[in-house]
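Asker: Given next are the chains, with one letter for each unit.
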Amino acid sequence: MRTRIYLFTGFLDSGKTTFINDTLTTTDFCENEKTLLIVSEQGEIEYNQEQLESFNCDLVYVTSEEQWTYEYFEELKEKYNPTQVLVELNGMYNVNRFLACSLPDEWQVVQVLTTINAQTFGLYIQNMRSLLFQHVVHTDLLIFNRINDSIKKSFLRNNIKAINSSCQIIYEKEDGTINALDDDELPFDISGDELNILDHDFGIFCMDALDHPDKYAGKTITMKGKFIGRDKQIEDGFVIGRLAMVCCEEDTSLIGMICEHPAAKQLIPNEWIQVTGKIHLEYDNELGGNVCILKVEDLKVVPPLDNEYVTFD
Amino acid sequence: MKKEGHIMSKVDIISGFLGAGKTTLIKKLIQESLSQEKVVLIENEFGEIGIDGSFLKDAGIEITEMNSGCICCSLVGDFSEALKKVVHEYHPDRIIIEPSGVGKLSDVIQAVVDVHDDELQLNSFVAVIDAKKCKTYSLNFGEFFNNQIEYASTIILSRTQDINNEKLEEDIAIIKGLNTNANIITTPWDDLTGDIILNALENKDSLKEILMKEEEICPECGHHHHHDHECCHGEHHHEHHHHDHECCHGEHHHHHADEVFTSIGKETVHTYTQEQLEEILKVLSSSEDFGHILRAKGILPTPAHTWLHFDLVPGEYEVRDGEADYTGRLCVIGKDLIEEKIWELFGVK
Chain A
1 MRTRIYLFTG FLDSGKTTFI NDTLTTTDFC ENEKTLLIVS EQGEIEYNQE QLESFNCDLV
61 YVTSEEQWTY EYFEELKEKY NPTQVLVELN GMYNVNRFLA CSLPDEWQVV QVLTTINAQT
121 FGLYIQNMRS LLFQHVVHTD LLIFNRINDS IKKSFLRNNI KAINSSCQII YEKEDGTINA
181 LDDDELPFDI SGDELNILDH DFGIFCMDAL DHPDKYAGKT ITMKGKFIGR DKQIEDGFVI
241 GRLAMVCCEE DTSLIGMICE HPAAKQLIPN EWIQVTGKIH LEYDNELGGN VCILKVEDLK
301 VVPPLDNEYV TFD
Chain B
314 MKKEGHIMSK VDIISGFLGA GKTTLIKKLI QESLSQEKVV LIENEFGEIG IDGSFLKDAG
374 IEITEMNSGC ICCSLVGDFS EALKKVVHEY HPDRIIIEPS GVGKLSDVIQ AVVDVHDDEL
434 QLNSFVAVID AKKCKTYSLN FGEFFNNQIE YASTIILSRT QDINNEKLEE DIAIIKGLNT
494 NANIITTPWD DLTGDIILNA LENKDSLKEI LMKEEEICPE CGHHHHHDHE CCHGEHHHEH
554 HHHDHECCHG EHHHHHADEV FTSIGKETVH TYTQEQLEEI LKVLSSSEDF GHILRAKGIL
614 PTPAHTWLHF DLVPGEYEVR DGEADYTGRL CVIGKDLIEE KIWELFGVK
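So the sequence lines, in the order shown, correspond to chains A and B.
According to my numbering, the residues represented by the first sequence are 1 to 313, in order.
According to my numbering, the residues represented by the second sequence are 314 to 662, in order.
Isolated chain B (complex conformation) (with noise of 0.2 Å):
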């Protein structure tokens, strides 16, 4: 990304306790997903598993490792310094930071900001929790844990296969309890390509922005839009809306002006088999108990662990076997959804 003629580095901090699988983790998004890039990594902890030197050098990733953490001596400084050099020497697309499992992660997210440097782009705030840990970590490691959950913009949960929807289901309740808006990646790793963990750090694949897009529907004010009427994209950045929802200060005309569009989204653990999704879409797709629906868009795990994705619009659906996504999935975009009936048909809270 350019701005202003300079490279641009993103920054990626990846949080969480000892033991959680930060390593793991990154190791899996350079080896499957970054390739392309020039990829700094500043480590601030001697994990279990060490990222050997050879296979960084291999995938071409620099690395810069600082002192032994200690929560006690103040590692601002140090840290600073590490991240200046880091993107003045390298330039790089996207510098990964690992900080140790005891700081807290508004610390770390705060030294990065405090750098000031134009070339720095703060992209993810990650939070890795052992699925296991998760609910004996909530009750007893206080502030080191809730911090984390608190300021990271994804949470992912590792060694999901090792526990029971049941457990699963509480964790997230656990983590909801903290922070209502991160992404939560709750799909067992190996059945997740590092795209699809990058994508969910980044927000970059949201099922309500594609069904948007596809019904050339402005994701801003949930107007139809010309081709050639783009919603002030371009040069300006998107900026919230006023109340009067107002796309543009009303300088555009709208195709369909009165028609404006709620989507609403969920995500879940929920498994469905295929029967019992395409009972559901049946009901959904024919009935006017839920208001009006323009269209639905869904990823579902099954029991059996394999994925069906799902498009709606009224009187039609279609399932297939799909790729894994990092959770369960659910959008729908339409008129006066009544939400409530519609998360109660698939059996989600």
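So here's chain A without its partners, still in its complex pose (with noise of 0.2 Å):
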């Protein structure tokens, strides 16, 4: 029978014992398993052994990256042949190590699961980003914690989604209460018929449009970007757009809109420019909903902006 392992990561105090802890004593999720809980770090909350056991759930911890090897998850196995494992990953361990490991027949990576403290996020993207990056970019379900109203929504968003587009996120106040979050205010008013996007709004424009394309149709935009290069599917389609630094200057994830101009075959990949014109909607298959195409109908080229990356703040 198939081994489902669940991969926990996040930072040290980011609230991976507590989820965890949550998820095994507080829900179903023991009933008619065996669990098996893989530790890898020792922070400030513990695991009582005693209760975990009366859900069935065996306990081993880890001290040190070099365990992650075929032999040991095969002893592991068995040892508790069990049919789920958790597994709380030190927030300085390698992911990648982690999951390209050979693992017994049977066991598999089901999901990955990611915490995040969204008071120190700030900070630690500021200094840690390549560390959070590999936290963020393989999870499949990320938890903002000790979300408070001085943190905006769109700042946590939009940086985990440059960094990985797929995941689910879910956004947990600091009572513990979940997703009864607004949206936030843009800032930039868009009930004006036009809309000039600054350089420093980018990125947040670009990804509330693609969240929201309905509040933007008929409007006129201003915005300014690279040109990126030609669409593959819009005869004088091209991309506009701006790259996020996701793990460092080797490692950026591209921002942007699609945009038509007769002019697209003209253009220098790279080039700046900047674009005036009106947004319509287009249905796209692969998205399974409209997105916004900005209709161009003034171009120009710009010189670089001194600061080229994407910021969400």
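Please keep in mind that the hints were generated in silico from the structure rather than gathered at the bench.
Here the structure is a predicted model, which means the values were calculated and not measured.
A portion of the hints provided could be inaccurate.
[Unchecked claim] So, partial list: chain A residues that the calculated Cβ filter (under 8 Å) puts toward chain B:
no. : residue
1   : Leu12
2   : Glu41
3   : Gln42
4   : Gly43
5   : Glu44
6   : Leu59
7   : Asn90
8   : Leu123
9   : Tyr124
10  : Asn127
[To be verified] Chain A is faced by these chain B residues, among others (derived, beta-carbon under 8 Å):
no. : residue
11  : Leu331
12  : Thr449
13  : Asn453
14  : Phe454
[What the hints assert, rightly or not] Quick list of simulated restraints, FRET-style, between CB atoms:
no. : chain 1 : residue 1 : chain 2 : residue 2 : range
15  : A       : Ile45     : B       : Gly490    : 20 to 26 Å
16  : A       : Glu194    : B       : Glu456    : 37 to 43 Å
17  : B       : Lys595    : A       : Asp175    : 56 to 62 Å
18  : A       : Glu194    : B       : Asp420    : 47 to 53 Å
19  : B       : Lys489    : A       : Glu185    : 49 to 55 Å
20  : B       : Val426    : A       : Glu185    : 38 to 44 Å
We put the beta carbon where it would ideally sit given N, CA and C, even for glycine.
Mind docking these for me? Both chains are given alone in their own frames, and the hints should help you get the complex.
Answerer: See below:
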């Protein structure tokens, strides 16, 4: 029978243990299962072994990344023969290393779950982007916790989506309540028919247009970005975009919008341009929904920006 | 400090994990102790409390920021360039480097060494550690954390006012397990002046040296010297002496040449009331059980977070209230000292 592995990633003090403990002891997660919990971090919160045993869950500790070997997992399989395995991964360990490890037959990672303390997120993404990146890039379900009023949901969300566009995000407030957060107010006013997107707001605008294309339909937009390349499907179509640093300067992610203009053929990739045009909606089969397309009326080449990278603050 | 006519720039490296308090510390040092110096700050981290430009401008501090820290990209090139530029444009008295919290301290030290600039003088390597997090970081961060402690010349614990003495002792044991030489600052920062912190960083006020100086004992060889017989001071650098304990290779005639004194020192976070300390000193000053004590000196915290300073000579001692020190310190000099018994008397391990 298949053994499911759930991998929990996130920094020390991000709430991994509390999350795992709640899952094991307050839901029916352990019902009719033999569970093994592998812990490689010893944080502030500790597990209650006796309590876990009452849920038919065994607990083992790992103190070094070197222990992730095929032989070790075989040994665990032999000894505990679990139907499901939860792994609490040390925040400093290399997630790729764990995922690359050969596992016993029938053992398979089925979900990666990540916890992030929203209060330190800003500090960590500025200084430890590469570590955060590896927590986020593989995740299926990401939980932001300890959110308070001073933290913008769009800042959290956009930074994550730039790294991993398909993961599901849950927002948990300081009091533990979930997803009752309103969308933030946008830094620009969208009540008028014309919208001039400031360089600083480029990322927020593109992300919001992707999520809520309807509210931009028919509006005239002016914005600056790089000519990334021509669109493969639309005649005269091209992409205007800028890069978001997701790990470091070597590893970036494109944020942008599809445009249409006859001059598309004449533009040089990475040339900086300013476009003005009207947003039309088109149905995208791949996305299963509408996307914004900017029908450009006015296009000009402009000097590059001092800071070409997109931020979401 | 001058060397062959050109100005030397002292380099202080302030390492520590994100949120440990590096920026607060740097601010305190700049505001309280470095107003007379020309300082340049090189930052490789975007901290929680940004050191704002106006504050630095007021203090006459130049600031150089480097790219966002990323441990998967090499920053060495950038860093080396920034450092060279700083030295040759500003010729500062002091360069404070705040590296990224997840960089290795040894790598940063090496990067400074590799600049090979005669004007740079490595002064201190500091690791700032949040006293509340010391244990969990040591259990989980491995190399990131251990490397900072191993290579630090001074370790500064932050937020010690938020933990009890038991936890503090536990932190110290973790640190001592990785580094037995570094000074460890354990006193809450609000109780300390910038000067005391700076002296601890520069190891300027060792009790041993103060005592030896007061007794006119050469700290190198343990001999008394005449005033005019300095121990090879002046032009020569002190080097480690050979096992025969000859100072200046026997060329000087020492006063009391047969008397060789040793000194023992201890740092502790143990607290003492005035009565407890006087009780201890009464025994120490009157008993022969501890060896031949010439002098003893100490600065110790009380349970009420005040500080006691004491001086002791045979048959006499003085205890007085005084300024807080970076940690509790004891030093005894004398002959044939029985170390274990002395520390046992003070109740320290």
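Asker: For each hint, tell me whether it holds in the structure or not.
Answerer: Status of the hints after comparison with the structure:
no., hint, verdict
1, Leu12, "holds (5 Å)"
2, Glu41, "holds (5 Å)"
3, Gln42, "holds (5 Å)"
4, Gly43, "holds (6 Å)"
5, Glu44, "holds (6 Å)"
6, Leu59, "violated (16 Å)"
7, Asn90, "holds (6 Å)"
8, Leu123, "holds (6 Å)"
9, Tyr124, "holds (7 Å)"
10, Asn127, "holds (5 Å)"
11, Leu331, "holds (6 Å)"
12, Thr449, "holds (6 Å)"
13, Asn453, "holds (5 Å)"
14, Phe454, "holds (6 Å)"
15, A:Ile45 - B:Gly490: 20 to 26 Å, "holds (24 Å)"
16, A:Glu194 - B:Glu456: 37 to 43 Å, "violated (55 Å)"
17, B:Lys595 - A:Asp175: 56 to 62 Å, "holds (58 Å)"
18, A:Glu194 - B:Asp420: 47 to 53 Å, "holds (52 Å)"
19, B:Lys489 - A:Glu185: 49 to 55 Å, "holds (53 Å)"
20, B:Val426 - A:Glu185: 38 to 44 Å, "violated (51 Å)"
Hint compliance for this structure: hints 6, 16, 20 are broken, all remaining hints hold.
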